[in-house]
Each structure stands twice: as C-alpha cells, then as structure tokens.
Amino acid sequence: MTDIKEVKQGQSVSEEVLGRLDSALNTWFVPEAKPFIVRLWIDSKVAKYFKRKKISPNQHLIEHKDGSLDITLHITDFMEITPLMLMWIPNVVVLEPQGLKDFIKKRVREYLGVLES
Numbered sequence: 290m291t292d293i294k295e296v297k298q299g300q301s302v303s304e305e306v307l308g309r310l311d312s313a314l315n316t317w318f319v320p321e322a323k324p325f326i327v328r329l330w331i332d333s334k335v336a337k338y339f340k341r342k343k344i345s346p347n348q349h350l351i352e353h354k355d356g357s358l359d360i361t362l363h364i365t366d367f368m369e370i371t372p373l374m375l376m377w378i379p380n381v382v383v384l385e386p387q388g389l390k391d392f393i394k395k396r397v398r399e400y401l402g403v404l405e406s
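All you need for the working numbering is the position in the sequence shown, starting with 1, plus 289.
These aren't lab readings, by the way, just hints derived from the structure by calculation.
Hints may contain errors.
Unchecked claim - Label pairs and their in silico Cβ distance ranges: (1) Lys323 <-> Leu375: 23 to 31 Å; (2) Ile378 <-> His353: 15 to 23 Å; (3) Leu404 <-> Gln348: 31 to 39 Å; (4) Lys354 <-> Leu404: 33 to 41 Å; (5) Val397 <-> Tyr338: 17 to 25 Å; (6) Lys394 <-> Ile326: 18 to 26 Å; (7) Val382 <-> Val403: 16 to 24 Å.
Claimed, not checked - Here are the computed lysine-lysine pairs in the BS3-like style, where the Cα-Cα straight-line distance is at most 27 Å: (8) Lys340 <-> Lys394; (9) Lys337 <-> Lys390; (10) Lys354 <-> Lys343; (11) Lys340 <-> Lys390; (12) Lys394 <-> Lys337; (13) Lys395 <-> Lys334; (14) Lys395 <-> Lys323; (15) Lys334 <-> Lys390; (16) Lys343 <-> Lys390; (17) Lys354 <-> Lys337; (18) Lys342 <-> Lys323; (19) Lys394 <-> Lys343; (20) Lys342 <-> Lys390; (21) Lys354 <-> Lys340; (22) Lys342 <-> Lys354; (23) Lys354 <-> Lys395; (24) Lys390 <-> Lys323; (25) Lys343 <-> Lys323; (26) Lys334 <-> Lys354; (27) Lys323 <-> Lys394.
Built from N, CA and C at the ideal position, the CB exists for glycine as well.
Given the sequences, and given the hints that come with them, work out the whole structure.
The structure is reproduced here in structure tokens:
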C-alpha cells in the first residue's frame, strides 16, 4: 500500500471514499482508481456457489436457461479479481474487458512454464 493517510479520531472520511471501500473485493482495491466493469461467465456446474455467496456487493447476476450465469461487477485493478479467476479455472471465464482476459492468460502461461521446467 502506498500513500496512506492517517485519519485522526473525530476527523471524517468522505462518503465517496467510504462507498469505494464498501465495494472493494479485497486488498488489491485501488481507492484512487476509477472502477471499471468486468463481465464473467460462470459454468452451470459451479453456479450454485456464486448464487450463494456474492463476489461483490455491486454485482449484477443473470441466470441463463442452461444454469450458467453472467456476473457483472466493478473493480479498480485486475488483481482484485485475478485470484478468484485462477481458483475457478476452467469454470469461470472473463467475457470482458479484453485487457483482463489477456492478463489472466499471461498468468496461466507463466505458471504452465514453471510446471514444464
């Protein structure tokens, strides 16, 4: 973490900062970054887990007839969602943004390289 500012007791924090903190998925959250939309596809085999427990308080979920899900949420950094994506391979797929897809592919290729060496 960088640029940490102490808030003295009795000092208030802006509503915007509090709102962003409430939407943070984990410690990879970047408070000064503008949130962007991520769209995920969840295989029907694991959809029940994603319906039971939200990824994010700001997520929007669409269930398809085949039982699969589309989840849309806002993040501030690719690493905010990457650990979850890697944990659920191959049952969770990034639909957008393309930059996150590429980031996940790169991480998986790097890991496969480690396994092959």
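Numbers of unmet hints, in rising order:
23
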